[in-house]
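*Asks:* Chain by chain, the residues run as shown.
Number of protein chains: 2
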Amino acid sequence: MQKLIKDLIQKNNTKILLVVLDGLGGLPVKGKTELDAARKPHLDALAAMSACGLHIPVAMGITPGSGPGHLSLFGYDTIEWQIGRGVLEALGLGIELKNTDVAIRVNYATIRDGIIKDRRAGRIPTDKSRVITEGLQEKIQKIDEVEIIFASGMEHRFAIILRFSEPLPSGSASIKDTDPQIEGKPPLSVTAETPQAERVAKIVEKLIAGITEVIRNEPRANSVLLRGFSQVPDMPHFKEVYGLSTLCIAVYPMYRGLAKLVGMYAPSLTGNLKEELAVLKENYHDYDFFFFHVKKIDSYGEDGNFDGKVTKIEEFDNALPEILGLNPDVLIITGDHSTPSVLKSHSWHPVPVLLKSPYVLGKTCKRFTERECTKGELGIFPTINLMPLALANAGRLKKFGA
Amino acid sequence: MQKLIKDLIQKNNTKILLVVLDGLGGLPVKGKTELDAARKPHLDALAAMSACGLHIPVAMGITPGSGPGHLSLFGYDTIEWQIGRGVLEALGLGIELKNTDVAIRVNYATIRDGIIKDRRAGRIPTDKSRVITEGLQEKIQKIDEVEIIFASGMEHRFAIILRFSEPLPSGSASIKDTDPQIEGKPPLSVTAETPQAERVAKIVEKLIAGITEVIRNEPRANSVLLRGFSQVPDMPHFKEVYGLSTLCIAVYPMYRGLAKLVGMYAPSLTGNLKEELAVLKENYHDYDFFFFHVKKIDSYGEDGNFDGKVTKIEEFDNALPEILGLNPDVLIITGDHSTPSVLKSHSWHPVPVLLKSPYVLGKTCKRFTERECTKGELGIFPTINLMPLALANAGRLKKFGA
Numbered sequence: 001m002q003k004l005i006k007d008l009i010q011k012n013n014t015k016i017l018l019v020v021l022d023g024l025g026g027l028p029v030k031g032k033t034e035l036d037a038a039r040k041p042h043l044d045a046l047a048a049m050s051a052c053g054l055h056i057p058v059a060m061g062i063t064p065g066s067g068p069g070h071l072s073l074f075g076y077d078t079i080e081w082q083i084g085r086g087v088l089e090a091l092g093l094g095i096e097l098k099n100t101d102v103a104i105r106v107n108y109a110t111i112r113d114g115i116i117k118d119r120r121a122g123r124i125p126t127d128k129s130r131v132i133t134e135g136l137q138e139k140i141q142k143i144d145e146v147e148i149i150f151a152s153g154m155e156h157r158f159a160i161i162l163r164f165s166e167p168l169p170s171g172s173a174s175i176k177d178t179d180p181q182i183e184g185k186p187p188l189s190v191t192a193e194t195p196q197a198e199r200v201a202k203i204v205e206k207l208i209a210g211i212t213e214v215i216r217n218e219p220r221a222n223s224v225l226l227r228g229f230s231q232v233p234d235m236p237h238f239k240e241v242y243g244l245s246t247l248c249i250a251v252y253p254m255y256r257g258l259a260k261l262v263g264m265y266a267p268s269l270t271g272n273l274k275e276e277l278a279v280l281k282e283n284y285h286d287y288d289f290f291f292f293h294v295k296k297i298d299s300y301g302e303d304g305n306f307d308g309k310v311t312k313i314e315e316f317d318n319a320l321p322e323i324l325g326l327n328p329d330v331l332i333i334t335g336d337h338s339t340p341s342v343l344k345s346h347s348w349h350p351v352p353v354l355l356k357s358p359y360v361l362g363k364t365c366k367r368f369t370e371r372e373c374t375k376g377e378l379g380i381f382p383t384i385n386l387m388p389l390a391l392a393n394a395g396r397l398k399k400f401g402a
Numbered sequence: 001m002q003k004l005i006k007d008l009i010q011k012n013n014t015k016i017l018l019v020v021l022d023g024l025g026g027l028p029v030k031g032k033t034e035l036d037a038a039r040k041p042h043l044d045a046l047a048a049m050s051a052c053g054l055h056i057p058v059a060m061g062i063t064p065g066s067g068p069g070h071l072s073l074f075g076y077d078t079i080e081w082q083i084g085r086g087v088l089e090a091l092g093l094g095i096e097l098k099n100t101d102v103a104i105r106v107n108y109a110t111i112r113d114g115i116i117k118d119r120r121a122g123r124i125p126t127d128k129s130r131v132i133t134e135g136l137q138e139k140i141q142k143i144d145e146v147e148i149i150f151a152s153g154m155e156h157r158f159a160i161i162l163r164f165s166e167p168l169p170s171g172s173a174s175i176k177d178t179d180p181q182i183e184g185k186p187p188l189s190v191t192a193e194t195p196q197a198e199r200v201a202k203i204v205e206k207l208i209a210g211i212t213e214v215i216r217n218e219p220r221a222n223s224v225l226l227r228g229f230s231q232v233p234d235m236p237h238f239k240e241v242y243g244l245s246t247l248c249i250a251v252y253p254m255y256r257g258l259a260k261l262v263g264m265y266a267p268s269l270t271g272n273l274k275e276e277l278a279v280l281k282e283n284y285h286d287y288d289f290f291f292f293h294v295k296k297i298d299s300y301g302e303d304g305n306f307d308g309k310v311t312k313i314e315e316f317d318n319a320l321p322e323i324l325g326l327n328p329d330v331l332i333i334t335g336d337h338s339t340p341s342v343l344k345s346h347s348w349h350p351v352p353v354l355l356k357s358p359y360v361l362g363k364t365c366k367r368f369t370e371r372e373c374t375k376g377e378l379g380i381f382p383t384i385n386l387m388p389l390a391l392a393n394a395g396r397l398k399k400f401g402a
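These protein sequences, in sequence, are chains A and B.
Under the working numbering, the first residue of the first sequence is numbered 1, with each subsequent residue one higher.
Under the working numbering, the first residue of the second sequence is numbered 1, with each subsequent residue one higher.
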């Protein structure tokens with residue numbers, strides 16, 4: 001489908017703004033979902049004049065991670081473009097990855113006499129973990145001409161990037177996890193699953209030996225378990241497939257990392273919604289497409305904090321008039337997946353969406369809620385169709401066939 | 001899917017009538033779409049007792065041309081079966097195409113000193129253009145044993161068919177347009193993109209030279225630009241895949257041409273809706289399936305004439321009792337795409353549809369409008385699914401699996 005879209009693209013001066021309220025969709029508590037409970041006059045009024053519906057990020061029943069949730073919004077097939085855990089972890093820690101890299105998600109672990117006693121090294125505090133990781137970086141910078149980058153993370157988790165001097169062939173990261181996912185057993189050996197991965201596996205073996213040498217006297221974090229060996233997928237960029245110049249406005253590094261995978265410009269950013277809005281306004285004239293990411297709604301959902309999620313939805317609603325003031329040609333407000341606070345996690349439920357443009361029916365939904373969105377003119381549809389729809393509403397797609 | 005359908009087909013004496021109100025769907029102007037605004041008591045009453053929904057011809061966001069719009073209604077995959085511009089132009093001019101043919105869409109152009117001055121030869125009047133084209137046909141009938149057929153068109157446009165003496169292998173029409181799509185440059189050379197096309201390209205070179213020799217003293221139409229070289233796709237016929245004998249009732253040649261591609265009998269026909277109805281009645285006992293095409297609703301949409309489109313919908317509504325009088329087992333009323341008068345063009349919006357048969361729920365939609373159809377029992381679905389649904393409602397599909 002992306003090939004067809006690419007063939008139909010025509011350029012113009014329209015602006016498309018995709019607002020992702022992370023983890024937006026929810027489930028009822030005493031009959032009301034978070035969207036039902038929130039006082040959000042601007043979102044409701046906007047829904048009434050917009051095309052509404054619900055979208056399914058991967059497939060019915062499938063709960064998406066943040067990777068597939070976003071790539072699907074960006075119009076990429078989530079089965080074709082799978083982002084490895086190592087890559088996602090590294091992106092989340094703010095590392096810029098290249099096609100010369102293998103990224104690995106790592107746990108500190110406690111190992112005695114070759115047997116794993118604690119897969120998480122007693123959930124060692126982040127401060128302590130950071131000191132150890134920085135110590136590792138000081139002592140280990142290269143193994144056989146391969147640059148080694150350590151990226152500190154939360155508690156026992158961190159990431160390691162092997163940076164080779166030239167682009168790696170695909171399949172180079174096909175290495176089995178060394179984490180057996182169970183305690184009372186030894187770590188698994190480093191096993192290459194493809195011939196291309198053998199060279200990388202040898203570096204990894206030396207790396208584990210080197211790390212263990214440095215930290216062997218730590219009381220808890222005296223060893224490491226490696227998972228999710230992966231390479232950056234070589235994804236076609238927004239400019240190439242959609243002809244769009246793009247700006248990602250996101251506070252969390254992982255979302256910026258995902259945006260960079262598809263070629264978005266994603267400057268570092270800290271702060272809250274107010275700062276994100278300021279960046280949007282400052283840069284509004286310089287790009288065609290804006291990916292505007294709002295994190296906190298998901299975070300409260302993950303915490304099981306219904307009221308917190310409601311408050312964050314209301315906070316966005318307060319800011320909505322500022323966004324509407326920019327008058328984008330196409331405005332989409334949705335989530336990357338649902339995060340019902342009753343589930344305290346991402347879920348498989350379809351995600352409410354509204355699309356405002358001059359070319360919609362409107363008047364099919366009274367408010368912006370999950371139940372009202374089932375009445376919308378967009379129906380319940382695969383998330384991957386959202387980008388073509390945005391492009392169509394922006395007048396950026398030619399007719400198919402004569 | 002068509003293979004599955006073919007395996008499940010069983011024959012009976014039911015009649016299926018597919019009414020295509022070309023460009024049916026619309027968008028609101030002051031809150032009302034053309035279907036909202038039209039006074040159409042018969043269509044509304046029928047919708048209330050029918051299965052309703054909206055269908056998507058190609059994919060969300062994709063605006064279909066008439067080719068994919070109709071082929072999708074006929075149950076054919078529009079990505080697999082793409083109709084070239086040359087073929088569509090020739091069909092539109094009433095030419096019967098064979099598997100020995102390459103069809104080309106041609107513009108008269110003004111060229112001076114090898115440089116294109118006007119790609120449309122000053123939009124030369126149709127009368128004048130016809131005289132020139134007839135002159136060409138008189139002087140050029142064959143090039144190297146290949147028959148050359150000139151078909152006059154509107155203004156600067158016409159079509160040329162190269163008719164070889166035997167069926168051409170696929171790929172024979174893969175030749176680049178000679179029209180550079182810009183003035184101030186010379187025409188592009190005739191370039192074959194496949195080995196099979198080389199033979200055809202040589203004929204085309206001689207053809208262009210021959211044409212230029214004939215018309216070089218014309219003040220404006222002194223040269224030609226060629227586009228959309230294409231062959232007729234070898235599509236399976238309705239009889240073969242659905243076991244249906246078919247009649248196409250359409251006034252415009254292009255729709256008859258599309259119907260012929262799938263093996264429909266499509267007699268020449270002139271006149272208005274009244275004449276089309278007469279043909280339907282006369283032939284009602286002789287066919288299983290009727291494709292009944294009503295053009296003018298689309299034409300007014302393309303002109304941006306909201307009221308005109310409304311009037312044509314009302315005109316069809318007046319005729320509807322006559323159609324209902326035939327009491328077809330399955331009656332479908334829909335469009336091949338939407339043509340909102342606000343857009344003055346085809347659009348990507350899903351197309352309202354109603355399906356009347358004894359085997360529907362009904363009572364989900366009060367009227368036949370875009371918004372009411374979002375409540376319908378058919379939902380929002382790919383157009384290609386409509387034919388299997390029609391066949392099922394006609395009792396023409398066996399059970400799948402035991």
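Note that these hints are calculated values from the structure, not bench results.
One thing to keep in mind: the hints can contain errors.
Since the list gives no way to pick out one identical chain from another, each pair is judged satisfied if it fits inside one copy or across any two copies.
Claimed, not checked - Pairs of lysine to aspartate or glutamate, EDC-like flavour, derived with a Cα cap of 20 Å: (1) K15 with D329; (2) K117 with E155; (3) K281 with E155; (4) K11 with D127.
A quick note: this is a predicted structure, and the numbers were derived from the prediction, not measured.
*Asks:* It remains to establish, for every hint, whether it holds in the given structure.
*Replies:* Here's how the hints hold up against the structure:
no.: 1; hint: K15 with D329; result: within (5 Å within a copy, 46 Å between copies)
no.: 2; hint: K117 with E155; result: within (17 Å within a copy, 71 Å between copies)
no.: 3; hint: K281 with E155; result: neither (36 Å within a copy, 49 Å between copies)
no.: 4; hint: K11 with D127; result: neither (49 Å within a copy, 37 Å between copies)
Against the hints set out earlier in the document, violations occur for numbers 3, 4.
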